[in-house]
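Which chain is which? The protein sequence lines are E and L, in order.
Position 124, counted from 1, in the first sequence is what the numbering used here calls 124; the numbers after and before it change by one each time, with no gaps.
Position 153, counted from 1, in the second sequence is what the numbering used here calls 153; the numbers after and before it change by one each time, with no gaps.
The hints are all genuine.
Over the 10 Å line for every Cβ pair with chain E, so calculated as not near, a few chain L residues:
#1 7
#2 33
#3 138
Here chain L is said to cover these stretches of chain E; the calculated rule only asks that three of the stretch's residues, wherever they fall, bring their Cβ under 8 Å from a Cβ of chain L:
#4 1-14
#5 87-93
#6 104-110
For the record, the hints were derived by calculation from the structure and aren't laboratory data.
All C-beta atoms in this analysis are idealised placements derived from N, C-alpha and C, irrespective of residue type, glycine included.
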Amino acid sequence: MIDATDRTIINRLQGGFPVCDRPFREVARRLGLEERALIDRIARLRQSGVLSRFGPMYNAEAMGGAFCLCAMEVPEHELDMVIERVNAHPEVAHNYERDHRLNVWFVLASDDAGRIEKVRGWIEDETGLDVFAFPKLREFYIGLKVDV
Amino acid sequence: MDDIDRRIIAATQAGLPIVEQPYEAVASELGLAPATLMARIDRMMTEGVIRRIGAVPNHYALGMVSNGMSVWDVDDAHAERLGCEVGALDFVSHCYLRPRCLPVWPYNLFAMVHGKTRAEVEEKVFSIAGHLGDAFREHDILYSTRILKKTGLRIAA
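So that you can see chain L by itself, here it is in the shape it has in the complex (with noise of 0.2 Å):
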């Protein structure tokens, strides 16, 4: 990554413009060939600098009000089989191992769950709980109940 890629990233971190021609827009703002602009994209893409470029939807605004963290406490000797076989389901959209943080947190597998209502979400976890049978000692579920903020990553240009 040099200078460049970084003031394109600052530039559209945000988005991008909404017209015609967005990376013609971008590149002329900063002073690039838009083929220039559209080659450094491309190539960030392939990198995984880019995850991917597109709409990012609001998960409330869709009314999928409910936003359920669960998060279980399974045992580490079978975390890895179990948290493959949990991001594996279709209505698991972030799966992941973390630390649990004793005594305040005794949690170490994070299934995040999304629904219309809370009782969608609880059915769900339910399903999970299936899954996991008798590899988990506890689990919660946390419910968002305010965005607080939703910026995503900001760089310095």
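Just chain E, same shape as in the assembly (with noise of 0.2 Å):
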């Protein structure tokens, strides 16, 4: 379980975390809190999965690569054999089932753009089923929203 404090980690530790020598110093500092008292918590909120990821977000758009949206209709007995094939791609960053006749939808990502449709291309072929993508064409707001 999280208390008030692991919150109120959670909600200031979303950016702006330092560079310096003693960062988790110098954020604790901000929140009232002891050094090592700090470092136990993120690293059991790390351990524990409550935090996903715990340091740089980098962006593939800025090295010169890309990411892409794509979605896939699994049927049901193919789900498992379908979600193995696809997930052994490094270039897969994030894969979500949804309750939707495209029920598979995962984001592709890689520093090289052009491995982007390479990579949607061999999905398609070790799966016999179609990857559509969805790429950007506009994006208004990416936040950091998420009050806990």
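Could you fit the two chains together into a complex? Lean on the hints.
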């Protein structure tokens, strides 16, 4: 379980982690905590899966790469096999099952923009199913609005 | 971006070590001076290669169990303005225009909404519908029923 202090840490630390010798000490000071206590809490949140990651979030596009949302219509009896084959590609950054005729939604990300289309084609070949691509035409806002 | 940047990215893309001197630890693993590593990280932040440094919460573990991707078929002529308005709503975490894929997929505006229950998500989606008024033809909400993978971008060193 997480307590009020954990929630404050999560809300305040979704960005702005300092780049310096003792970053946790600096954050701890801002939050009114001890450095050691902050480190222990973040380690615990990470270990228990409350945080799925802690560190730099990289932007494929700024590296000259790209990402693309893709979706597939996967028959129930093929679901496990297809998920395994899709997830085996390191370019698959996230993958969600959704309750729709298009039931598998994943993001392909690569620092090499040309690779996206290649991987999409490989997944079609490996699964025998269509992979629909929904590249973003326009992004309106990517916020840090998750308030826990 | 050079080889050293790529090695830094490869070493930190799964996360920073959660220790007193995380940059020191990464620098020593890569055989770099800590000051060099930190200068490069600062530069990659300025260039936008690093979006931000911090914690990525898992919505499910936090009880935000309903993750609804609301999708809308809006008039192309007004899509830009409508996207800006929807994206500005404080409960919309991501908002994009994407191509339709007919006949399978008639929607061009995607707005991600999180909530503790489906009812909460539906209430928020209802409010988006109110904003859009008669500017959309159809809409749907796709709830995620399972996280199948969540690793983020991975590059080879």
